[in-house]
Amino acid sequence: MIHPTAKIGQNVTIKEGTVIGGNVTIEDNVYIDYGCIIRDNVHVKKDSFIGARSVLGEYLIDFYRDKNNNKCKYSLVIGEQSLIRTENIIYGNTVIGDEFQTGHKVTIRENTNIGNNVKIGTLSIIQHECNIGHYVNIHSNVFMGEKSEINDYVWIFPHVVLTNDLTPPSNELMGVYIDSFALIGAKSVILPGITIGKDALVGAGSVVTKDVSEEAVVVGNPAKKIRSIREMKHHLTGKPIYPWRDHFKRGMPWADSDYETWFSNLGLKEGE
Amino acid sequence: MIHPTAKIGQNVTIKEGTVIGGNVTIEDNVYIDYGCIIRDNVHVKKDSFIGARSVLGEYLIDFYRDKNNNKCKYSLVIGEQSLIRTENIIYGNTVIGDEFQTGHKVTIRENTNIGNNVKIGTLSIIQHECNIGHYVNIHSNVFMGEKSEINDYVWIFPHVVLTNDLTPPSNELMGVYIDSFALIGAKSVILPGITIGKDALVGAGSVVTKDVSEEAVVVGNPAKKIRSIREMKHHLTGKPIYPWRDHFKRGMPWADSDYETWFSNLGLKEGE
Amino acid sequence: MIHPTAKIGQNVTIKEGTVIGGNVTIEDNVYIDYGCIIRDNVHVKKDSFIGARSVLGEYLIDFYRDKNNNKCKYSLVIGEQSLIRTENIIYGNTVIGDEFQTGHKVTIRENTNIGNNVKIGTLSIIQHECNIGHYVNIHSNVFMGEKSEINDYVWIFPHVVLTNDLTPPSNELMGVYIDSFALIGAKSVILPGITIGKDALVGAGSVVTKDVSEEAVVVGNPAKKIRSIREMKHHLTGKPIYPWRDHFKRGMPWADSDYETWFSNLGLKEGE
Numbered sequence: 024m025i026h027p028t029a030k031i032g033q034n035v036t037i038k039e040g041t042v043i044g045g046n047v048t049i050e051d052n053v054y055i056d057y058g059c060i061i062r063d064n065v066h067v068k069k070d071s072f073i074g075a076r077s078v079l080g081e082y083l084i085d086f087y088r089d090k091n092n093n094k095c096k097y098s099l100v101i102g103e104q105s106l107i108r109t110e111n112i113i114y115g116n117t118v119i120g121d122e123f124q125t126g127h128k129v130t131i132r133e134n135t136n137i138g139n140n141v142k143i144g145t146l147s148i149i150q151h152e153c154n155i156g157h158y159v160n161i162h163s164n165v166f167m168g169e170k171s172e173i174n175d176y177v178w179i180f181p182h183v184v185l186t187n188d189l190t191p192p193s194n195e196l197m198g199v200y201i202d203s204f205a206l207i208g209a210k211s212v213i214l215p216g217i218t219i220g221k222d223a224l225v226g227a228g229s230v231v232t233k234d235v236s237e238e239a240v241v242v243g244n245p246a247k248k249i250r251s252i253r254e255m256k257h258h259l260t261g262k263p264i265y266p267w268r269d270h271f272k273r274g275m276p277w278a279d280s281d282y283e284t285w286f287s288n289l290g291l292k293e294g295e
Numbered sequence: 024m025i026h027p028t029a030k031i032g033q034n035v036t037i038k039e040g041t042v043i044g045g046n047v048t049i050e051d052n053v054y055i056d057y058g059c060i061i062r063d064n065v066h067v068k069k070d071s072f073i074g075a076r077s078v079l080g081e082y083l084i085d086f087y088r089d090k091n092n093n094k095c096k097y098s099l100v101i102g103e104q105s106l107i108r109t110e111n112i113i114y115g116n117t118v119i120g121d122e123f124q125t126g127h128k129v130t131i132r133e134n135t136n137i138g139n140n141v142k143i144g145t146l147s148i149i150q151h152e153c154n155i156g157h158y159v160n161i162h163s164n165v166f167m168g169e170k171s172e173i174n175d176y177v178w179i180f181p182h183v184v185l186t187n188d189l190t191p192p193s194n195e196l197m198g199v200y201i202d203s204f205a206l207i208g209a210k211s212v213i214l215p216g217i218t219i220g221k222d223a224l225v226g227a228g229s230v231v232t233k234d235v236s237e238e239a240v241v242v243g244n245p246a247k248k249i250r251s252i253r254e255m256k257h258h259l260t261g262k263p264i265y266p267w268r269d270h271f272k273r274g275m276p277w278a279d280s281d282y283e284t285w286f287s288n289l290g291l292k293e294g295e
Numbered sequence: 024m025i026h027p028t029a030k031i032g033q034n035v036t037i038k039e040g041t042v043i044g045g046n047v048t049i050e051d052n053v054y055i056d057y058g059c060i061i062r063d064n065v066h067v068k069k070d071s072f073i074g075a076r077s078v079l080g081e082y083l084i085d086f087y088r089d090k091n092n093n094k095c096k097y098s099l100v101i102g103e104q105s106l107i108r109t110e111n112i113i114y115g116n117t118v119i120g121d122e123f124q125t126g127h128k129v130t131i132r133e134n135t136n137i138g139n140n141v142k143i144g145t146l147s148i149i150q151h152e153c154n155i156g157h158y159v160n161i162h163s164n165v166f167m168g169e170k171s172e173i174n175d176y177v178w179i180f181p182h183v184v185l186t187n188d189l190t191p192p193s194n195e196l197m198g199v200y201i202d203s204f205a206l207i208g209a210k211s212v213i214l215p216g217i218t219i220g221k222d223a224l225v226g227a228g229s230v231v232t233k234d235v236s237e238e239a240v241v242v243g244n245p246a247k248k249i250r251s252i253r254e255m256k257h258h259l260t261g262k263p264i265y266p267w268r269d270h271f272k273r274g275m276p277w278a279d280s281d282y283e284t285w286f287s288n289l290g291l292k293e294g295e
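Chains as they are written, first to last, in the numbering used here: chain A, 24 to 295; chain B, 24 to 295; chain C, 24 to 295.
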């Protein structure tokens, strides 16, 4: 069932059982697998793949009151060349950049902005009003509370929780801020309003109760600084391993050269 | 496909792809979204919403032996004005009160009782033989082991785990008991058979290995008491913040006045 | 829709909405519930149950490049008498033994081998290139990182995370190894490359940063050895409780006698 107001581009594949609502735009070369529910006001850009039984433009709370989704104010945009695997649920009024990639059964709420080249793993939940930069890697089963702010090139490993309520229950939510290149180890929890500095490394299983400074390595419950990332050596070669951008390039914009070269070619002034 | 023995009320919406089994009652004004599987012996009360692809009355283990679900002894009841979002799985032989609300992909097992005005977040799992009171808020991705007992007005935040086996693996399960108004911080784990006292606050990331007394604040691994909730002050105003019922009313039965007024109007004797 | 090259055995039930691809073999007495997607090159052995909306033979990454799944090199095999509940996603090129049992919404990636009589709970994620032995019990919402190796008779409780990247992000993954009969308590995280010894017990909420020796009990963050499993007594009877194989038999191959008798009847030489 495709609503008559939906605009479907060239060379679009739509497998059986998919429902497409009103005011939907599906650009060229999009592939929509079995049984997707694309509600109203959704825009899927070209060359994207929508996995089986995904729900795009999921209802916001007011739908359940009046069963009316035709107010046309809540649109979901998914960027070009995105790969959304099976059974994702992405709400309306959210804008996602190009080359977005998800695992299975991801939930993304309304009023969230996601940059380009972001990956989100299976079962992760991104609550409403989050801001996520470019080239952010969010692994499996991460819970990102509302009002979280994630800068570019951040890595968040499995089962991490970002909280937001200092005195629960309350109406005064304070999101976590994670600065660029920081790494949040598996199964860590970050308390409300905490800032994680640029290039910082939070060890697995940490409970972060205080701000973490730039380049700090913190571990434990409560997490304490044990060293600088500059002091960490590879267990076999003995060479420095951080900042990681000097050693790792897969999926990064400097994949074809190295960070230094790529960065200097950007034409930015030093220190920027 | 609707089984001939199903009773469907007035003004019921049933979207495409939904299957309804035998001995099912759907009361008036219920909305059932795309592709739900309502197995046998399910009763959905009036004015409720059943999200797309939810499974109600999921098979218990004996179905898989004989492929026969017609024994009519396992019924699932869902109360009035409930809002069940997409892809919930709720087993048979469970009774849920009115104004129940869930996120996505929640699993609720058999032989569980849930009171009125309970909310359960996306991905949470409620195992079998749990008892959950009224106005309980269970956030995302909580695992509640079987035989857990949760009193009224409890809050359980994301990624909390309630365990039940003191000497695993065993057949002697001892559920956690959480008394009314208690708050369990994100990513905490509570050991088997533990009691969390009324109004207690378990900090995020705690590992609770001993009973927690009324009004105690505990944190750490293992969790230790650091103060009373009465000593906690708001980080800006410096005023007391707990017990939370004196400061927070959204969604609570005292939403239109305050806890004191509401409580005194109940006509209960002091101290009750 | 059933592809003409699919081979369907005797007494197979296929409920509405199921799609079956090319080069699929469904053996006798298999029951496939509503809305399953069985992609190409899948082999389901006899007497198995496939829960509603499960996806078997999920696409590997190269499908998304060319939309061609007909290379016939990735097959998924599911053993006899398996019980796969609703909404599992199991990738191609994975081999699973007999009497496999899962909860709901489990994800199992490619290039993984799973033995006989394994159980995996709701929401758990098994990444690619894992090896899992026989009679392994993996509870709900476990994250098993790629290259994990799990020996026979291991128990992994809810919300456990097995990591694999010592210096993230990197391309040098080192999986966790868990030896036979070990128990990993709820909400623990095991660091990359760690070995958990035979019969060891990791307490709930532990962060395991060092190898754990045979029969050791470790707890805390970081986890430290507090005693041997031989010193643990039942809280009521005061009798030893570990090794658990001497006291627990449900679902085990020694269910009809006891471990000693069963083991001696195997005809193995002592010490094996």
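One should not assume that every hint holds.
Okay, derived cross-link-like pairs now, DSSO-like style, lysine-lysine, Cα gap no bigger than 30 Å in a straight line [said to hold, decoys possible]:
hint, chain 1, residue 1, chain 2, residue 2
1, C, K30, B, K247
2, A, K247, B, K256
3, A, K248, C, K142
4, C, K221, C, K272
5, B, K90, B, K233
6, C, K248, A, K248
7, A, K30, B, K38
8, B, K142, B, K30
9, A, K248, B, K233
10, B, K90, C, K221
11, B, K90, C, K38
12, B, K233, C, K30
13, A, K221, A, K262
14, C, K233, A, K221
15, B, K142, B, K248
16, B, K272, B, K256
17, C, K248, A, K233
18, B, K38, A, K233
19, C, K262, B, K247
20, C, K247, C, K142
21, A, K233, A, K221
22, C, K142, B, K90
23, A, K38, C, K38
24, B, K247, C, K247
25, C, K90, C, K30
26, B, K248, B, K272
27, B, K247, C, K233
28, A, K256, C, K233
29, C, K248, A, K247
30, B, K262, B, K142
31, C, K272, C, K262
32, A, K233, A, K142
Don't read these hints as lab results, they were simulated from the structure. Since this is a predicted model, take the numbers as computed values, not measurements.
Hint check results:
no., hint, verdict
1, K30/C to K247/B, "violated (61 Å)"
2, K247/A to K256/B, "holds (24 Å)"
3, K248/A to K142/C, "violated (40 Å)"
4, K221/C to K272/C, "holds (18 Å)"
5, K90/B to K233/B, "violated (44 Å)"
6, K248/C to K248/A, "holds (24 Å)"
7, K30/A to K38/B, "holds (23 Å)"
8, K142/B to K30/B, "holds (27 Å)"
9, K248/A to K233/B, "holds (29 Å)"
10, K90/B to K221/C, "violated (39 Å)"
11, K90/B to K38/C, "holds (13 Å)"
12, K233/B to K30/C, "violated (57 Å)"
13, K221/A to K262/A, "holds (21 Å)"
14, K233/C to K221/A, "holds (28 Å)"
15, K142/B to K248/B, "holds (28 Å)"
16, K272/B to K256/B, "holds (19 Å)"
17, K248/C to K233/A, "holds (29 Å)"
18, K38/B to K233/A, "violated (49 Å)"
19, K262/C to K247/B, "holds (29 Å)"
20, K247/C to K142/C, "holds (29 Å)"
21, K233/A to K221/A, "holds (15 Å)"
22, K142/C to K90/B, "holds (21 Å)"
23, K38/A to K38/C, "holds (19 Å)"
24, K247/B to K247/C, "holds (18 Å)"
25, K90/C to K30/C, "holds (24 Å)"
26, K248/B to K272/B, "holds (27 Å)"
27, K247/B to K233/C, "holds (25 Å)"
28, K256/A to K233/C, "holds (18 Å)"
29, K248/C to K247/A, "holds (22 Å)"
30, K262/B to K142/B, "holds (29 Å)"
31, K272/C to K262/C, "holds (17 Å)"
32, K233/A to K142/A, "holds (27 Å)"
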